[in-house]
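Q: For reference, the chains in residue letters:
Protein chains: 4
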Amino acid sequence: MKKIAVLTSGGDAPGMNAAIRAVVRTGLDKGLSVMGIQRGFSGLINGEIFEMDRRSVADIIHRGGTILRTARSEEFRTEAGQKKGVAILNAFGIDGLVVIGGDGSFHGGQALSKYGIKMVGIPGTIDNDIAYTDCTIGFDTAVNTVLDAINKLRDTSTSHERVSIVEVMGRNCGDIALYAGLAGGAESIIVPEKGYDINLLCKTILEGKLRGKMHNLIIVAEGVGGANEIASKIEEVTGIGARATILGHIQRGGSPTANDRILASRLGYRAVELLLEGKSARVVGVKDGKIIDEDIDEALAIKRSFDEKLYSIAEALSY
Amino acid sequence: MKKIAVLTSGGDAPGMNAAIRAVVRTGLDKGLSVMGIQRGFSGLINGEIFEMDRRSVADIIHRGGTILRTARSEEFRTEAGQKKGVAILNAFGIDGLVVIGGDGSFHGGQALSKYGIKMVGIPGTIDNDIAYTDCTIGFDTAVNTVLDAINKLRDTSTSHERVSIVEVMGRNCGDIALYAGLAGGAESIIVPEKGYDINLLCKTILEGKLRGKMHNLIIVAEGVGGANEIASKIEEVTGIGARATILGHIQRGGSPTANDRILASRLGYRAVELLLEGKSARVVGVKDGKIIDEDIDEALAIKRSFDEKLYSIAEALSY
Amino acid sequence: MKKIAVLTSGGDAPGMNAAIRAVVRTGLDKGLSVMGIQRGFSGLINGEIFEMDRRSVADIIHRGGTILRTARSEEFRTEAGQKKGVAILNAFGIDGLVVIGGDGSFHGGQALSKYGIKMVGIPGTIDNDIAYTDCTIGFDTAVNTVLDAINKLRDTSTSHERVSIVEVMGRNCGDIALYAGLAGGAESIIVPEKGYDINLLCKTILEGKLRGKMHNLIIVAEGVGGANEIASKIEEVTGIGARATILGHIQRGGSPTANDRILASRLGYRAVELLLEGKSARVVGVKDGKIIDEDIDEALAIKRSFDEKLYSIAEALSY
Amino acid sequence: MKKIAVLTSGGDAPGMNAAIRAVVRTGLDKGLSVMGIQRGFSGLINGEIFEMDRRSVADIIHRGGTILRTARSEEFRTEAGQKKGVAILNAFGIDGLVVIGGDGSFHGGQALSKYGIKMVGIPGTIDNDIAYTDCTIGFDTAVNTVLDAINKLRDTSTSHERVSIVEVMGRNCGDIALYAGLAGGAESIIVPEKGYDINLLCKTILEGKLRGKMHNLIIVAEGVGGANEIASKIEEVTGIGARATILGHIQRGGSPTANDRILASRLGYRAVELLLEGKSARVVGVKDGKIIDEDIDEALAIKRSFDEKLYSIAEALSY
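Chains as they are written, first to last, in the working numbering: chain H, 3 to 321; chain W, 3 to 321; chain V, 3 to 321; chain P, 3 to 321.
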């Protein structure tokens, strides 16, 4: 192993830059050359590859987004595209590849590894929807960003004694909703893993009003959606004003939290170690507080399990 | 003047609590009794009135929203409703009233003053759409909140090399868009006072791309609207990905900035001074850096003028 | 178990309010009466005890500090004081006590448990210096607060091309320094667990300058101290300007992060469960990502181990 | 006028980058060449001068510090040094110079203008200690940074029922203390323009305690200093715990507020306009809400006046 490369792919997540920095500096620290590939697999196919040194990753640990850019590539989904990627990597003399991204990006890396490319994946997505790891890079920041938005909405919702419905990201995973909902003291948390009953929701709101609640905050995960419809229904049934807010892409941005930077640093460091150990087709992550690595095929086959206990704690504390 | 009251009305704005605190503490400092009226004119009609002391407004200067709550009242738009309000104020022996809110709230206060109630208005709205004053309470905080959101969107929009269209509040006033757009380094600012040309917008984006711009941020004021349609059109014409974000109610919340707290303190203090000077039907504000007061009829008749110079500076600096 | 009480003791930490909220609401949810004790063991001795309901803990999850206040008590360190505490608890019919605080507070709880009081401890301190748990409530917030300060210092230190030395809290534990240093991209991290060599430090700075580093950030843990002396020495040896900043008590405050609120909610919930299970003299915590509980005597006997691996990652990534 | 240059000098301030951006882009927009001078007058003497284009100032509007760096120069205080600066400007064919900094920097610019260099100054300093302008670039950000620190200190000070003494920057000017103190609801504000009486301070604290105040926040301006001594004295006289915090250099950093970015944009734009109008030895600023310019000799001769009215409002609202 003499030369490695790193790319980011799929949706960006805060902390990706910290992971890039860790890969580059660890690689250099261990005597490797490190190349950066721009715009994910699309840039790989186009040969957008350049050498990185320590200064290339100076002053980026605190920045959201990814300095390597990211893009989606239709061409890379085809066998022809993947073979082109392999050819480019060989042309540049790259022995090992680090892929930072979500499960879509891992599938891309998996494809390359089938053609003999040594590859390690680092989970970077705000959605926390990758089952083999307790936590993905960007999740902690996204939860805190949602928390900040909730705080602001609570001010205005309390003043108007309205119900606030906030739709947050997470695709089919309810974790952003659950964590931000619990931490934000939301009255109800609606996630795809549990579903909801609009009648029960309205009953809870009316009971809360009787007990003197000045506001009612409902977090809805993207995987359930329909924040506007829920607001209308609540207003109709309870007679209490309700407003929906769909938080959108601000959840992807922002300076990463300490946690995301540290996780990214650990995982980036471990990814390079694995390549140096001659491993391939592995993904790194964190399990029970420990940095782990897992075979990529097995990792992608694991089903996510929802934290039922945490959900029930959130429920018990909410009213 | 022995007993005054204070209420907040209309949409809430960060800094309203600082204004309430200033009214209450200045009143007490000058030997008055101070009553709080809950839920604006609606609460006035219902007699939701309570005595306030120094501790009632302790630890609120940094809080968004309004501890007095706010509400809209259909009844108060009628003559009967207004007379009821007058009767309640008389029943409680209230000699002077401070109304904190936007122009709708000022019209309510104006109505009461026709019936002989001594009244002073304080401009509290994030929209900055009140012509006689350079600045309303809440505007500075809202602009900074939008700025924070823009920063986050820029991260993700840069990473994906997309166009971001952000729709911000302000009703028919483009000030939030203009100030946040200039401060956020937006490539284009679309305000109702100026309109826009979709072709020119697309041309600017394509030219920017040629010059190496990695992102394109467009701020659209609520008074123009249509962020989603603009995004679709841009994507269609330029072939560059575009995403719309409608910021929504988070713009109303949040801890007020230093500026908003100081402005609120100054205006609250001045409002009580005016009541003690025997004035009525006045509104306070800031003009050319000085605290001023103005007859409410004249104030409401002034037409807003848009800051053309600032808009042209924003344009010159944007590309 | 019919009536429980909760107190906070020692230095305050962000997230203590979230823990109080969790204890109160879990207790009520499970049919218990819940009492709040003000000012820690000092307030216990003085009988500053009041009944809490769901509203007592409304709107506090996002607040720093502790609504129950905290204090140090010399009297409670004596046998007489402890017996008085027991008598008061009995007088109020309190069957179980939750103590939120650091190891000093745990010793207080331990003393009460010797007299038969059923007691569970929750680790609340920014210092992260309690060995049996991976994480204490307040640590994550403190690290992020330091990170925010570091960001600000970096701006000015870069502009002046100076060395910044930042002294952070943590008593004899270097964790705040290590985590904030790694996450903040500090060039050097000085912790009591490792010590430092001033000559090596100066050499690193001079080498960094040669490689084009525009700033140099050194984090010093409280347990080492001497930030001002280090600054003088660096200036003298390297000829590069150096400024020391001692962050102080701002590290104890601020709205808790999502992580601290969730950890506090989990631990508060678990503490009440333990009391209901008839357990006593236990402390709750988190180990390998799981909520655990431990005998208080054993827990207090465990020696902290420093995360050598994380420290070496920080070193590898820093230059 | 064909070629202008810009430099930053003295202590850095948030918003300096926004001013640099405005100077560069306005210059280019009006057909000028624009050069950047690094490290202030020191860099001028050393010929650290490079051409800037639109991309040189991309993505900097939100960054604290100054991309042009800043430094102090002993040599430039001498006539020989100044003549060298003039020679360098002539050698580079620079017709006009924009100096961003505080009054020390203005004296440097003034010296150059005596030798015939066309020069305009922009006030950039957090201290707000320049008399001819109502506001300097960086002041609003610094006040909000102090406010954020105050919020955090209040949490912990309230929990411990202690007195917090916070020493803030501002050299001989009490504005940061006054604005942050009023906005932060400080119980006492100590500024060099007014002085203080330690006995009165202690009396106020004791009276506040009697009225149920849970915390006491005292802001001390740098120009008075002695926060630690004040804390000791208070503890001795009142018997209430007191803690001093000296905020230090974090006050210079951080992303500039909207206000500072807009002020910087306006002033940068105006500075270039003045050069194009053939003016020299002018300084720009804001007076009564309007952008103004003033002869540099006259401007530097104006004495600051303290805002007595605002100080008395702060006093009236504080207890």
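Derived by calculation from the structure, the hints in this document are not laboratory data.
You may find that some hints are simply not true.
Pairs involving identical chains hold if they fit within one copy or between any two copies, as the list cannot separate such chains.
[Said to hold, decoys possible] Here are the computed lysine-lysine pairs in the DSBU-like style, where the Cα-Cα straight-line distance is at most 30 angstroms:
id, residue 1, residue 2
1, K292, K211
2, K311, K289
3, K305, K211
4, K211, K32
5, K196, K215
6, K211, K116
7, K205, K235
8, K4, K215
9, K4, K281
10, K116, K235
11, K305, K292
12, K5, K311
13, K235, K281
14, K215, K32
15, K235, K289
16, K215, K116
17, K289, K305
18, K205, K85
19, K292, K235
20, K289, K211
21, K305, K32
22, K289, K196
23, K235, K85
24, K4, K32
25, K116, K32
26, K292, K196
27, K292, K311
28, K85, K196
Q: Taking the hints in turn, state whether each one holds.
A: Hints and how they fare:
Taking the shortest alpha-carbon separations for K292 and K211, neither the intra-copy value of 44 angstroms nor the inter-copy value of 36 angstroms comes in at or below 30 angstroms. Both within a single protomer and between protomers do K311 and K289 lie at most 30 angstroms apart by alpha-carbon distance, with minima of 18 angstroms and 17 angstroms respectively. In this assembly of identical chains, the alpha carbons of K305 and K211 never lie at most 30 angstroms apart, being 39 angstroms within a copy and 42 angstroms across copies at closest. Taking the shortest Cα distances, K211 and K32 sit within 30 angstroms of each other only across copies (22 angstroms), while inside one copy they are farther apart (62 angstroms).
Proximity of K196 to K215 under the C-alpha cut-off of 30 angstroms is restricted to the intra-copy arrangement: shortest distance 25 angstroms within a copy versus 44 angstroms between copies. Proximity of K211 and K116 under a CA criterion of 30 angstroms is satisfied in neither setting, with 59 angstroms inside one chain copy and 37 angstroms between copies. Proximity of K205 to K235 under the C-alpha cut-off of 30 angstroms is restricted to the intra-copy arrangement: shortest distance 12 angstroms within a copy versus 43 angstroms between copies. Taking the closest pair of Cα atoms, K4 and K215 come within 30 angstroms of each other only across two copies (26 angstroms); inside a single copy the shortest separation is 63 angstroms, beyond that limit.
Taking identical chains as interchangeable, the C-alpha atoms of K4 and K281 lie at most 30 angstroms apart only when both belong to the same chain, with a minimum of 14 angstroms there against 57 angstroms between chains. Proximity of K116 to K235 under the C-alpha cut-off of 30 angstroms is found in neither arrangement, the shortest distances being 51 angstroms within a copy and 41 angstroms between copies. Taking the closest pair of Cα atoms, K305 and K292 come within 30 angstroms of each other both inside a single copy (20 angstroms) and across two copies (20 angstroms). With identical chains, the CA atoms of K5 and K311 are at most 30 angstroms apart between copies only, with a shortest distance of 25 angstroms across copies and 45 angstroms within one.
For the identical chains of this complex, K235 and K281 are neighbours neither inside a copy (54 angstroms) nor across copies (46 angstroms), given an alpha-carbon limit of 30 angstroms. Proximity of K215 and K32 under a CA criterion of 30 angstroms is satisfied inter-copy only: 21 angstroms between copies versus 58 angstroms inside one chain copy. When the C-alpha separation of K235 and K289 is checked against a cutoff of 30 angstroms, the pair qualifies neither within a copy, at 41 angstroms, nor between copies, at 43 angstroms. For the identical chains of this complex, K215 and K116 are neighbours neither inside a copy (57 angstroms) nor across copies (37 angstroms), given an alpha-carbon limit of 30 angstroms.
Proximity of K289 to K305 under the C-alpha cut-off of 30 angstroms is found in both arrangements, the shortest distances being 15 angstroms within a copy and 24 angstroms between copies. When the C-alpha separation of K205 and K85 is checked against a cutoff of 30 angstroms, the pair qualifies neither within a copy, at 58 angstroms, nor between copies, at 37 angstroms. In this homomeric assembly, K292 and K235 never come within 30 angstroms of each other (Cα to Cα): the closest approach is 45 angstroms inside a single copy and 39 angstroms across copies. In this homomeric assembly, K289 and K211 never come within 30 angstroms of each other (Cα to Cα): the closest approach is 41 angstroms inside a single copy and 39 angstroms across copies.
Taking identical chains as interchangeable, the C-alpha atoms of K305 and K32 are never at most 30 angstroms apart, the minima being 35 angstroms within one chain and 33 angstroms between chains. For a Cα distance limit of 30 angstroms, the shortest separation of K289 from K196 qualifies both inside one copy, at 24 angstroms, and across copies, at 28 angstroms. Proximity of K235 to K85 under the C-alpha cut-off of 30 angstroms is found in neither arrangement, the shortest distances being 52 angstroms within a copy and 36 angstroms between copies. Proximity of K4 and K32 under a CA criterion of 30 angstroms is satisfied intra-copy only: 10 angstroms inside one chain copy versus 51 angstroms between copies.
Within a single copy, K116 and K32 get their C-alpha atoms as close as 26 angstroms, which meets the 30 angstroms cut-off; across copies the closest is 55 angstroms, which misses it. In this homomeric assembly, K292 and K196 come within 30 angstroms of each other (Cα to Cα) both inside a single copy, at 29 angstroms, and across copies, at 23 angstroms. For a Cα distance limit of 30 angstroms, the shortest separation of K292 from K311 qualifies both inside one copy, at 21 angstroms, and across copies, at 12 angstroms. In this homomeric assembly, K85 and K196 never come within 30 angstroms of each other (Cα to Cα): the closest approach is 42 angstroms inside a single copy and 49 angstroms across copies.
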